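Novice: Chains as they are written, first to last, in my numbering: chain R, 36 to 372; chain E, 36 to 372.
Just so you know, these hints were derived from the structure itself, not from any lab.
Predicted model, so just to flag it, every value in this text is computed and none were measured.
The reader is advised that the hints may include incorrect statements.
If several chains are the same, the list does not tell them apart, and a pair holds so long as it fits within one copy or across any two.
Subject to a maximum C-alpha distance of 25 Å in a straight line, what follows is the list of computed DMTMM-like cross-link-like pairs (lysine to aspartate or glutamate) [as the list claims (entries may be wrong)]:
| # | residue 1 | residue 2 |
| --- | --- | --- |
| 1 | K366 | E202 |
| 2 | K205 | E310 |
| 3 | K281 | D221 |
| 4 | K335 | E290 |
| 5 | K182 | E130 |
| 6 | K179 | E202 |
| 7 | K94 | D221 |
There are 2 protein chains.
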Amino acid sequence: MGESSGGRKPTLIELNPNGGFVIGIDLGGTNIKLVLVDLDGKIVKKLKGPTINSSSKNKILDRLRELIHSVIDESDADRDLILGMGIGVSGVTDESGRVSFAPALGWEDMPVRDLLREEFKIPVAVENDVNAAALGEKLFGVGKTVKNFVFVAIGTGVGAGIIINGELYKGFANAAGEVGYLVMGDEYLKDYRKGFGCFESLISGPAIAARAANQMCSYDSASMGIAFCQDKNITAKDVFEAAKRKDKIALKIVEEVSKYLAIGLGNISILLNPEMIVLGGGISKQEDILLKPLREMIVKITPIPPKIVISSLGDDTGVIGAAAIAWNLVKHTSLIS
Amino acid sequence: MGESSGGRKPTLIELNPNGGFVIGIDLGGTNIKLVLVDLDGKIVKKLKGPTINSSSKNKILDRLRELIHSVIDESDADRDLILGMGIGVSGVTDESGRVSFAPALGWEDMPVRDLLREEFKIPVAVENDVNAAALGEKLFGVGKTVKNFVFVAIGTGVGAGIIINGELYKGFANAAGEVGYLVMGDEYLKDYRKGFGCFESLISGPAIAARAANQMCSYDSASMGIAFCQDKNITAKDVFEAAKRKDKIALKIVEEVSKYLAIGLGNISILLNPEMIVLGGGISKQEDILLKPLREMIVKITPIPPKIVISSLGDDTGVIGAAAIAWNLVKHTSLIS
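Hey, can you work out the whole structure from these sequences and the hints?
Specialist: Here it is in C-alpha cells:
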C-alpha cells in the first residue's frame, strides 16, 4: 500500500486508489458540472453543460442522464470501475435520496436517487450542495486532517456544512447549517417576515451589490459610484474591486460586510468551538481585502478563535463535494456488504 | 434482564441497576452537593455542605475529600459497589481530568481526577458543570430518547452543553457551548472589550436584576419599582414576580429578555437543527411568563424550530449530571477492560 496510499493514515480497511472511480455532479439551476474522480479526489474527466431551463422537471432529469452517459463515455473508464455517483443539489434533500425542495430546479419531492440507481445500477448519494462541499473539504481539501470544522459558502446564498468527529452532521431534520437565517440583532427582529436582517440579507453577493447600488446612486460626489450607478449592473465583485481602488463607499460597504461576517462566523465559533472555518463561494476570492479585518475581529469576539481558511478546491468545490459523498457511500456500502 | 432494565432499550452490554452506584458531585463556589446514584439515576443518598471559602485551594480539596467519605459512610453502601465518581465544576476542565481554570474556587490547573482517584481507588470523571448537566439530561432527564439536543443553563451565568448523536460534543478545545459569549448585534461590537452586549450580559440573572435596578430607580411613578429601589436588593426572581403582578417596568424587562432569548436560542437552532432545547438554571422556573412568548418567536425565526423544554431534573441537575459523567466513564471503562 505504502506509496499508493498518498500520505493518508493507514486504516484497517482501505480501498485501492487505482481500483475505481466515482462520478461527482454539481446540479445547479444554470449549469450541470460533472467529474470522474479517483479515491484521492483527483479529477480524471470533467464535463459541463447547461441545465435545460424548462417548466418540465423531467427535462432536467433527461439532461442529467444524458450528461452522465457522456462523462462515462468520454472518460474511457471501464464501466465496472465506476463504483458510485454523488449529486449535490442547492436545496433540501432527505435520507431516502429524494430532493424535497429545490426551487432553482423547480423540483419538489423528486426521487433522484432511486431513478438514477435504477438506470446506472450503481450506488447514488444525493445531498445538499453545501453539505457535500463540507465533506469534500474533509476528504480532499483543507479539512483533511481536521476532526471538527465548519464549511461556510457565501455567494448568491449563504449556507454551512458541519463536520463533527470527521463526519457530516445534518441535524434533526437535515436542516443543520442553514446559517443564512441567523438573526444578526434585535432591531432586525421586527422585519423577520421579510427575511431582512438575517445573515444572508447582509453578506450574500446580491446583498452586497444591492447595498452598493443603493448607496452609490444616492451619493453625488463619488465618480466611481456614479459610473456604477449609470448602468445599475453592480455586482459584489465590482464592489470589492472598487474598494481595492480605495473608493470610499465601497470601502465602507466592505467594512460592514467584514463586521457582519465576524459576528456570524464568531457566533458559529462560540457555539461549536471548531478547529477551523473553511470559506467557500464567491466571497472566498476576496482574501486580502476581507479576511484580514475578519480574522482580527474574530479573535476579539471568541474565547478560542478557529483558523479561518479559504477552500483549496476553488471552483471545483461543488463537484469534488459531490464525489466525496459518493466515496463516503461506497465506503459504507463496502463495509456493510 | 426484562423487568430490571426499566424500559430501556436492550443492548448487547447492560449493567445491572442494582449492581452498583456512582457518586455525583456538584462543586460550586458556595456549596458542595453530593449524591449516591444507581444506574437508573435514582438518588439513594444526598449530602450538602458549604465549600470552605479560603485562600488555600487545598482547603477546598480537603473539604471535598471529607464530604465524599461522609456520603459513602452515611449511605451504608458497600464500598465495593461504588464504581465511580463524577465531578461537575463551574470552569474549564481538560481531557486529563484537570480543572484548568475555575475562578469561583480559585483553582488553576488542579489535577482533581488524579488526586481523588489515588485516594478513593475508583474511576473519576471531571467535567464542566453545564456539559455534565447536558449528559445528565441525556441519561436520566428529558433528553433520554433524543439523539441531538442542546442544554442551555441560564442563571448567574449562561452556558450550553451540546449532545450530538447521543454523546457530549465538546469542540476542539473543550470550549463548545460557551454561548454566554454570543454576540447579539452589531451595535454591541463596539463594547466587546467590556463584555457588554453578549448573550450573558443581556439574559443572565444578574443582568436582569441590574436592568431592573437601573430602570426602577429612575422611574418615578411605579410604586412597585420604588419599593424595590429603596432596598436595592432586586433579584431576577423579583422582576419575574413583579411582571406576574403586571408591573409595567418588569413586564417590559421580561419582554426584552424573551426577545434576546429567542435570538440566542433561535441562532443555536438555526446552526444545529437540534430536536430539542432543554432549559435549566434559575430562568427555567419562569415557564409561564417567559416560555410562551419565547416559543412563539422561535417559530418565526427558525426554519425548523426545536421543542423548547424545561429540565426535568430541577435543582438536582448539577449532581445528576455529575453522576451521569461518572456512569459514562464506568460504562466505557468496563467495555475496554
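Novice: State the violated hints by number, sorted upward, taking the hints as numbered earlier in the document.
Specialist: When the structure is compared with the hints, only number 7 turns out to be violated.
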